[in-house]
Amino acid sequence: MRYAMAIDTRKCVGCSDCVVACQTENDVPLGFCRDWVKEVVDGTYPNVSIELRSERCNHCANSPCVRCCPTGASHFEDGGIVLVEHNKCIGCGACIESCPYEARYSHPDGYVDKCTFCIHRVRQGSDPACVSVCPTKCMYFGDLEDPNSKLVNVLKNRKYKSLAPEAGTKPQIFYLL
Amino acid sequence: MHTRRKFIKIGALGLGATALTTGAANWVVGAAGKPTKSSSNEPLGWRRVPTYCEVCFWKCAGWSYVTPEGKIQKIIGNDDDPQCNGRLCPRGTGGVGMYSDPDRLKTPLMRVTKNGEQTYREASWEEALDFIAGKMKEIAAKHGPESMALFNHGSPGKYFTHLLNAFGSNNVAAPSFAQCRGPRDTGFELTFGESVSSPEVTDIRDTRCLVLIGSHIGENMHNGQVQEMSEAIDKGAVIITVDPRLSTAASKSKFWLPIKPSTDLALLLAWIHVLIDDDLYNKQYVAQYAEGFNELKEHVRDFTPEWAYGITTIKPELIRHTAREMANAAPSVIIHPGRHTTWYGDDVQRSRAIAILNGILGAWGNRGGIFFKEGIKIPDFPRPEYPKPAWSWQDTLNGRYPFAKEAITNTIIEASIPKPGMEHLIKGWIVAGTNLVVSIPLKEQLMQAMQSLDLLVVVDTMPMEITGYADVVLPECTYLERYDDLRATAHREPTIALRMPAVQPMYQTKPAWWISKQIGERLGLGAYYNYKDFKEVLEWQLKQVGSSLEEMERIGLKKYPRKTPVYIESGAAYKFKTASGKIQLKSSELQAAGFDAMPVYTPHPQPEDGFYRLIYGRAPMHTFSRTANNRNLVALMPENSVWVNPQVAELWGLRKDQHVWLKNQSGVVSNFSVKVRITERIRWDSVYIVHGFGHHHKPLTYAFGRGVNDTELISRVATDPIMGGTGMRGNFVTFVKTEPKKEAKI
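Going down the list, the protein sequences come from chains A and B.
Counting from 1, one number per residue, gives the positions in the first sequence under this note's numbering.
Counting from 1, one number per residue, gives the positions in the second sequence under this note's numbering.
Just so you know, the hints here were simulated from the structure itself, not pulled from any lab data.
There's no promise every hint is true.
[As the list claims (entries may be wrong)] Chain B is nowhere near these chain A residues, computed Cβ spacing over 10 Å in every case:
1) Val20
2) Asn62
3) Asp109
[Stated by the list, open to error] Computed, partial: chain A to chain B, Cβ under 7 Å:
4) Thr9
5) Arg10
6) Val13
7) Cys15
8) Ser16
9) Asp17
10) Thr24
11) Val48
For each residue, glycine too, the CB sits at the ideal point set by N, CA and C.
All chains should be modelled from the sequences, with the hints used to inform the complete structure.
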């Protein structure tokens with residue numbers, strides 16, 4: 001099992017619903033977020049294009065955050081989901097520095113927090129909150145090892161990229177182009 | 001007279017500290033309130049309570065999830081609701097921020113003069129309601145009940161409309177007509193006999209070609225449309241977007257036509273020309289359902305793409321190519337009617353051109369075009385007949401705007417300013433759910449009107465700017481704390497949805513139905529409120545449509561089977577709702593009233609050197625000016641910025657994020673400064689800001705002073721002579737780089 005996500009940049013309108021849904025689902029304190037939307041503008045008027053991307057922890061297969069964590073709080077769960085065990089976390093912030101995606105933040109309660117792929121929902125057979133709220137249905141969550149999954153299907157049929165592949169972290173969020 | 005109603009900042013009174021908070025915990029509501037394991041993901045003990053959203057007019061049905069401690073943790077869309085399909089937009093998802101906003105109105109307030117200074121004091125409901133009823137009686141005795149008017153938006157409007165109708169007035173206006181969708185509705189009614197209603201009956205889901213003209217779906221987060229546009233993208237529909245700005249929708253489009261602002265009508269006429277001249281229009285459809293085609297053909301003979309190029313800056317080959325794309329897709333094509341269409345004062349004619357295009361392509365009544373809606377009629381709760389007013393808002397028009405089907409906010413405002421020999425004077429206002437100070441252009445007229453009133457009551461959940469002008473401020477509870485009227489939607493499927501309280505109202509806030517009933521009873525109109533509680537009304541209404549409160553509390557949304565066809569069956573006879581039963585390519589109604597029977601392009605004023613056209617629009621995480629203080633949403637977008645083309649920025653030496661003030665052609669300078677966003681997404685002759693920011697009322701502790709309010713810069717309005725829409729895109733701004741007040745001192 002290998003959980004991953006594909007996000008269709010052709011459909012995303014950048015509304016940030018994923019951000020709000022994550023906040024209310026996971027009780028993320030106001031002023032912080034586990035996911036966010038980036039807009040990249042390219043070209044000169046009128047030959048301009050925009051790419052809108054909902055970004056979050058890439059749940060990398062080769063995760064620098066897990067490697068550098070001194071207490072083992074950052075660890076892999078089933079399906080490759082990278083989690084932070086809050087009780088074990090001492091808030092040193094090494095993982096925040098190591099992440100090429102700036103996906104982690106210091107929670108006011110003293111630990112480091114980030115996207116969990118909504119593991120509590122996934123374990124019950126639901127999609128992560130961001131995926132299930134998205135009005136454009138631009139996100140696909142699933143198991144890369146399940147050949148019948150919608151996720152594998154879109155990745156088979158569409159061009160895609162991942163972010164900062166040069167960092168060698170083997171990110172598991174794919175952006176459909 | 002002019003100092004009688006001095007603007008009072010509610011927050012200066014420190015009311016927040018003294019107001020009572022009633023705990024929401026352990027409050028059980030009806031059947032749905034029973035602790036349930038409501039879905040697989042929620043912990044045991046959570047309650048799931050049906051609602052429909054009030055953050056915007058789309059009114060998506062959803063569920064409030066309440067923890068055992070009584071906290072509204074989240075709001076999730078109702079899977080069965082075709083308006084949202086279980087997916088609320090960011091505003092709906094963040095709707096809980098309306099409930100938890102620390103700046104909410106908490107108790108009734110009454111204007112008093114203390115030591116020569118006007119201020120508000122807290123009042124009991126009894127006192128505030130007695131005062132209002134007393135004043136309304138005085139107004140009725142002196143001027144007649146018609147002298148009471150209502151401005152409204154959203155759910156509370158219905159209860160106060162009922163109050164005024166029972167009282168004997170139908171002077172009820174909403175900015176949603178003359179400041180928004182009025183021209184579109186009028187243009188489509190004149191052409192097809194009916195408009196596209198709300199939610200719009202555009203079949204985006206199944207279209208092969210979607211044309212957007214200044215309509216930025218995705219930034220205007222009208223949920224169902226956004227969802228359907230995404231589906232259309234998936235299915236490979238051709239999207240054509242006309243916009244001086246690379247909107248989000250434009251960035252998703254196969255064709256973006258970066259038009260010179262104010263010239264849209266020329267492009268539309270050129271498209272009609274190409275479709276007719278190149279024989280691309282839907283001949284069979286036009287022959288069967290439309291009239292006036294030969295006149296139209298003659299009319300557009302000279303409106304060639306080459307003619308339009310000089311006006312719009314859109315290349316002729318692109319105009320031809322996109323017209324062909326539409327024809328290829330026809331009748332599965334939508335030239336989207338838009339929604340906020342009050343731009344340049346000839347907006348009905350532009351909407352007519354859009355309607356005509358849809359007409360000659362055969363879109364109306366065809367799959368992937370515009371479909372027929374069907375809804376469930378919810379009967380009114382039994383009540384006596386309303387008295388017939390001696391005069392109505394139509395009498396405030398004085399022969400102007402013959403095609404206004406709804407009251408025009410500005411003529412009601414005008415009628416509130418006494419003039420010698422005036423017959424129809426308005427002396428009292430109730431303002432419910434609309435922040436007129438920020439939503440209405442022509443500020444001076446508004447201020448003058450408010451100074452002339454004998455009574456101004458504001459009902460709102462938040463201390464919006466308008467509350468500072470009220471005699472009495474009544475705190476309404478939020479949609480998450482009340483029962484409301486049923487949502488009955490006419491669309492592809494008839495549906496009804498229930499809103500019920502997830503928690504008890506906080507502070508001393510009350511639902512609008514209760515406020516209306518209390519005032520009504522004090523006016524001796526008790527017969528119009530023949531129920532104890534609104535649940536009684538809902539129970540009765542639901543019984544009439546074969547449901548019950550118990551059922552609706554459980555399911556939230558009910559669908560009804562459709563009885564009429566969604567489309568015209570191929571080639572079948574169909575009578576449009578126009579006088580002749582045919583689509584009016586040429587409008588004899590307009591002609592008879594002395595207007596152009598077919599749309600004519602008129603050049604509009606262009607900005608002088610150093611000035612840029614002020615274009616305003618929406619961001620997906622905000623609604624009007626009502627969410628700028630919502631803590632769940634402001635994190636996504638705390639303020640607006642002014643979008644400036646890099647060439648313009650270079651000319652002015654503007655840097656990214658630099659603060660500037662905006663000054664319009666009439667010398668009006670923005671209250672606050674705004675950050676510069678330098679972007680290739682905007683034309684060099686325009687600037688763009690998102691509407692709804694720049695609040696100047698300190699009690700909105702978060703929103704105060706963040707960004708710029710576009711309406712304060714809209715001091716020039718081009719009014720549509722056909723229906724009274726206030727065209728607001730004819731204002732030009734320049735940059736002021738140092739704080740204006742400092743400049744004045746030197």
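Structure-based check of all given hints:
The beta carbon of Val20/A is not kept farther than 10 Å from every beta carbon of chain B, the shortest such distance being approximately 4 Å. Distance check on Asn62/A: its Cβ is at least 31 Å (rounded) from any Cβ of chain B, clearing the 10 Å threshold; non-interface status holds. With a cut of 10 Å on Cβ distances, Asp109/A stays outside the contact zone with chain B, its closest approach being about 18 Å. Against a cut-off of 7 Å between C-beta atoms, the interface hint on Thr9/A is violated, since the closest Cβ of chain B lies about 10 Å away.
For Arg10/A, the shortest C-beta to C-beta distance to chain B is roughly 6 Å, which falls under 7 Å, so the interface hint holds. For Val13/A, the interface hint holds, since its Cβ comes within 7 Å of a Cβ in chain B; the closest pair sits about 3 Å apart. For Cys15/A, the suggested interface contact is upheld, since its CB lies about 4 Å from the closest CB of chain B, less than 7 Å. Here the hint on Ser16/A is kept, as its CB sits about 5 Å from the closest CB of chain B, short of 7 Å.
About 4 Å separates the beta-carbon of Asp17/A from the nearest beta-carbon of chain B, less than 7 Å, and the hint is met. Hint status for Thr24/A: holds, given a least beta-carbon distance of 4 Å to chain B, under 7 Å. Using the Cβ-Cβ criterion of 7 Å, the hint placing Val48/A at the interface with chain B is satisfied: the shortest such distance is roughly 5 Å.
Consistency with the previously given hints fails for numbers 1 and 4, ordered from lowest to highest.
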